[in-house]
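Q: As a plain string of letters, each chain reads:
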Amino acid sequence: MSSTKRIWMDAADLRQDTEAIKARESEFPQELAIDQVLGDANFNGAHTGRRDFLKFLGFSLGAATLAACETPVIKSIPYVTKPEEITPGVANWYASTFYDGQDFASILVKTREGRPIHIKGNPQFGINRNPALPKGVVNARINSSVLSLYDNERLKVPYSREGRSTWADADKAITDGLNAAIAADKRIVVLTNTVISPSTNAAIAALKARYSTVEHVQHDTISYSGVTGANLKSFGKRVFPSYDFTKADAVVSLDADFLSSWGSTTEYTWQYASRRNPDGAMNKHFQVEARMSITGANADARIPVKPSEIPFAVIALHDAIAKKSGGVSVGGGMDSAELNQAADALWNARGRSLVVCGSNDEGVQVLVNSINSMLGNYGSTIDLDNHTYFFQGDDAVAAQLVKDMNAGAIGAVLMAGVNPAYSLSNAAGFKSGLSKVGLSVSFSRYADETASLCNWICPDNHYLESWGDFMPKVGQYALAQPVIGKLFDTRSWQESVLKWSGSEAKWNDFIKQTWQANLAAHSAGASFDSVWNQSLHDGVLASHTMPATPVAFAGDLGTAAAAAKQAANGASEWELSLYATEAIGDGQHANNPWLQEMPDPLTKITWDNYVCMAGSDLMRLADGVMRDPEDALKVGEQSPALQVKVTAGTSEIVLPAIFSPGQKPGTIAIALGYGRGANGEKVGKAACTTDHNGVFGSVGRNAYPFTSLRNGSVSYDAVNVSLTATGETYPVAITQTHLTHMDRHSIVRETSVGVYKAGDRNAYNKPHTLPVHEDVNEDGVIDSRDRKPVAAFDLWAEHPVEGVGHRWGLSIDLNSCIGCGACITACNSENNISVVGKDEVRRSREMHWLRLDRYYSSDTKWHEGREAGESKISLYTRMEEPSERPTVFFMPVMCQHCNHAPCETVCPVAATTHSNEGLNQMVYNRCIGTRYCANNCPYKVRRFNWFNYVSDKFGEVNPAWDDLGRMVLNPDVTVRARGVIEKCSMCVQNIQAGKLAAKKAGTPVKDGSIETACSAACGTGAIIFGDLNDKQSMVRGKAEGDRSYHMLEEIGVKPNVNYLVKVRNTEAETA
Amino acid sequence: MHAEAAIREPLILGHKTYHDVTEDIVRPIENKAPRGWYILMTIASLIAAYGTGCILYLISKGIGVWGLNKTVDWAWDITNFVWWVGIGHAGTLISAVLLLFRQRWRMAINRSAEAMTIFAVIMAATFPGIHMGRIWMAYWVLPLPNQFGSLWVNFNSPLLWDVFAISTYFSVSLVFWYIGLIPDFATIRDKVTKPTMKKIYGILSFGWTGNAKAWTRFEEVSLVLAGIATPLVFSVHSVVSMDFATSIIPGWHTTIFPPYFVSGAVFSGFAMVQTLLLVMRKVMHLEAYITKKHIEYMNIVIIVTGSIVGVAYITELFISWYSGVEYESYAFINRATGPYLWAYWSMMTCNVISPQLFWFKKLRTHLGFTFFMSIVVNIGMWFERFVIIVTSLHRDYMPSAWTMFHPTWVDVGVFLGTIGIFFTLYLLFARYFPVLALNEVKSILKTSGESYKQRAATHHHH
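Order-wise, the sequence lines are chains A and B.
Going by my numbering, the first residue of the first sequence is number 6, and it counts up by one from there.
Going by my numbering, the first residue of the second sequence is number 15, and it counts up by one from there.
In short, the hints are calculated from the structure, not lab data.
Partial list, derived from the structure: chain A residues whose beta carbon lies under 7 Å from chain B:
{"hint": "1", "residue": "Arg848"}
{"hint": "2", "residue": "Ser849"}
{"hint": "3", "residue": "Arg850"}
{"hint": "4", "residue": "Tyr881"}
{"hint": "5", "residue": "Pro907"}
{"hint": "6", "residue": "Val911"}
{"hint": "7", "residue": "Val914"}
{"hint": "8", "residue": "Arg936"}
{"hint": "9", "residue": "Tyr937"}
{"hint": "10", "residue": "Pro943"}
{"hint": "11", "residue": "Lys945"}
{"hint": "12", "residue": "Arg983"}
From the structure, some residues in chain B lie toward chain A, with a derived Cβ separation under 8 Å:
{"hint": "13", "residue": "Met146"}
{"hint": "14", "residue": "Ala152"}
{"hint": "15", "residue": "Asn168"}
{"hint": "16", "residue": "Leu173"}
{"hint": "17", "residue": "Tyr411"}
{"hint": "18", "residue": "Pro413"}
Glycine is no exception: its CB is placed at the ideal position from the N, C-alpha and C atoms.
Construct all of the structure, not just a fragment, from the sequences and the given hints.
A: Right under this line is the structure:
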């Protein structure tokens, strides 16, 4: 260790070259020649030698290559102060409430890192709760509503006619406008959909306190004015009653699609399904209707009648019951043996029966009330004491409003939850009236048909950003809480109303105050805050139901019958009924791509509305237009539909005509809710799309102009309709082009309740067996009677199945499945399934992991035909044709998670494998996209990413496309790239989460603690998820029942999904 | 030199000397190509370029530019693949199997048939590649050591067997073909005068000296390779057929497939050889070497294999009825009477009915008719694969998933493109490579040449 050792850093240091050392110390030496070089006038024209050029080239290439090697670093910023309730990676669930004027549901909202990403029904509380499971019912519209939160076309600031504005300007201008209206002594109308919020009513009352001429008009986009009006006439209460299908042994529905679009469907569906269990007391359901509805598809007996015949069917039923009960007959009803059977069933179940009618005619509804009254259903299946607060709109009042607006009597109109310029039959009258109103304000979230005509648009929050309170029924209260901060500069419309009434109260404080006042009585013993917090947590407040009492019918039958008969208004060649679809409803959610791409449960059509027709009618219309009229029936993929022009009154629209088996000949049906944004209004992303001609326009056509005011209420039927083929065709996107099940009983199994109750499983659910060369039955001879079940055969060693760890499985009860399709959209939301757009669906490339197969029955039966000596070829052809009056079979199909999965063996790179818990797994990263697995899947559940659906294809409707839409993605599920296969994973992310939770708690996984998206969405309990190795589990119990079968059992793939035979409450065996 | 029976028809017509043979084969290589060649080359390469464009478009956009859908996940892609592999069968069969059976007539046709095999297999191999969703991961089908923990391929998958079968077949065929070419390249090397050509052919001929030792080794290697290649002729298409046979799809799931596919492959392979040779024979004036007898022999192979294929079709129908399996029965009735009946009956007409016309000697020795039939058979065999793949898939178990398949312009473009590429390669071969195994032909000149046989016959009589 020499202390004299000198350390030098470079030659200059060694030489002690002071100048160089000095130069080194200054970091940026002054003498760099940058200025010199760049400032040189000749620099641009400077000659670069060949060697220099090559050096530059080499360097640039090398640098570019090196730069490209590194993936860009995207910095994620951790919380500086982590919010207490948010743990990254852990979902928070909040209770809230969905209400949009047509549906009501208590919901749970799943949020991840502050973003709402999924919605399911509240299993604990609410009127939509199925207590037997327990699960909350939601439909597709409700669970898809989370996507509309992230719609980039929502208005982000208030707008005036001049364009973007500010809340301060809006508030000033609007209060000025309101004062001007008062000064002119003109009325101020608050036009809303049915308000079931006590606080909202209080806010409107506050506005009225400030401006004396304020008047609140409620208007339902799809009106029930006839029903509530009839109740006023019959019982003195203008209300929509509560129905209880759980108590109804016999249900007769006359054109009421109560499982999909009529009334409080989130309640009716679980109630109805609870009575479809063949092991319990099954109800008997008659459906009288023209169009095949979801409800009709579930009925035990479906009686097709024309819309004009509905009043006469009601009268027939009425008189048949009157005869039995000794009541007053009306006379002039339809003569129908089937209706008499329905009447018999009702009478035999009197007091435990229910008649509902979809007609919006007061006269008809008074007769229906009379029937229910004669049957003694009030106080049992119908409850007027605990009536709902839904559907308070009165069509006569709305019609009067339009008149008053045109007369210049209205000084200001504030509109929330309505879109009359789109949905009124007299939309033109409304528009002209609106132009005569001094101040028009819309609270719409979009510059929609109505809002775009207003002076001001004060955009409301999305409901997931809002507070709210609800009183759906007498004694039932619910709350909504925001689950995310406001994305844009929007404001609850109630807060706006409060502001203009001079209050500075925040909307949530206002709600709290309202409840503090109202709840004093109910919160005895507990502080308000604790009641309030508990209620927010639950999403509902404690309910107080009064005992229902029978009520006396006090309607005037004679007048009602006369009105009803007049409503029929004479039959004509074509009759039209308008309906709301499961996906789009009244049209306010038409901008939701998940809903547009959700196939209609019956027609399986996406992205369009159309004219439903009977096959014979359609062929008649196609005759001379299409080369083979039968082509008009075979629509989908490259086979376009016949285009027809429908004219009724002064309205006409051109739509594709679709064969809808079960449609009453001579009638047509068109869905409402389509044709949004037809005049270029910005109503949301998916409501408009580019059609086959490359023209950007609205999806479908608006059928509201076909509605008409008749007998004081809006009628959704039209007679004197004319129908002509335009001579053109139109491509339609259908997910299932084939109509019948071809008598394939190893896929579709159904029976009648009689056969089922007889108890011989072999009669309706015979297991598949194979003959073996051993004496199985021990009769001393080896013959074809020596058989073993298919399950006994294995080609190779089986995956460990029985008793080894978990074995996840699904059980699907075909009796409980009503075909609503809420499972499809729930799966979309949970699993980040791409929307692919109409053109791709038309090419049969929808990505849905879960599909709902729909089969119509055929009159041709294989065995009957063979016994009659008919050839196979002819039979196969005829089996493709559905009956004129078919029964319908709904079947949810997802990956069956086979224990001998055919997909697994064929993948060359082992990208799909079997987990030791019975799951068939898809490893996207490993997939090279040979699609062999998809070919070899007997259930055809595998989906291929034909394009990059995430980004560059069909971007305009893909929720994962823009920066905002992407927020709905579930971070637990990979977004799949182009070129890989995907399929149902049985929500493996939920399974893992559930197992982890159980592990942390140190307990075994509790049955029911893990749900797949579909099983959680299925409020009727048709889809049950669980561990098949847990002998106590519900799914195991179902799998071991007599009704359980595996689809295509005979091919031996051993699925972990089983189906329960559908049992219809019919006399004859339908097998 | 052993003498050949007089009643055997001569395989080389007219009077040819060894020199004539060399001249006849090497002339097109030495001289400027005829105008026809340029015209054909232009057409073929334009189609090839268009097809390449379609393939690039496919790869850049995604498989969705084809007409496939959720139910029919394979259609033209695998149809074309199997069709090309099938065509690739004739070459090796001719050169290897016929070599083992000492069929001398093969010598006039084996070279071009083998070239056809190589090019057809290249075209075939294109499809499994480009039909992958993520072609950039295609190397994962190879059992390479890797760092994915070590993740292996799935040896249960017939698609993997395909990879091995095709690559083995391709490499053996290539080697066999090239070994055969060596002495001929040497002949060209010795003959041409241009220094560049001399140099190139010198390299290609691997320093062939032509001494007795080299010839002995050549014969031995040929025999060994023929022995290796012969089982491959049967294995390749058997393995390809297992893509279908081992699946559970009705119409695919059938044990008859391996022999049925092999005979179908030979059938289509010979038809393609006919198509090519009939043109080449005319254009390159090879009538003396590729005689009617050759054409007739090949037509006989076509009758035999066509009939085997016909029996297979009928057996399938019978078994679908006899098995009593609902889905199987439907699959076959649907083929014959369903929406794709036109494809089924095109296949039946082209493959089963029309080759039977070759029972008439007049027809099977008629060149024009043979050419026409060779096209018909290839159309028929394309339809056979289309029928097997698409009609089985489009309506399998679940009626809810039944769809149709509608090809797009890209489907058509890629298929035409491979035909274009194939012909481009073949034309290049015809221009620069000896289209006949000239040294082998020389070996039979004295025994099977027409003039020599006549001389021998006269000699005997006197």
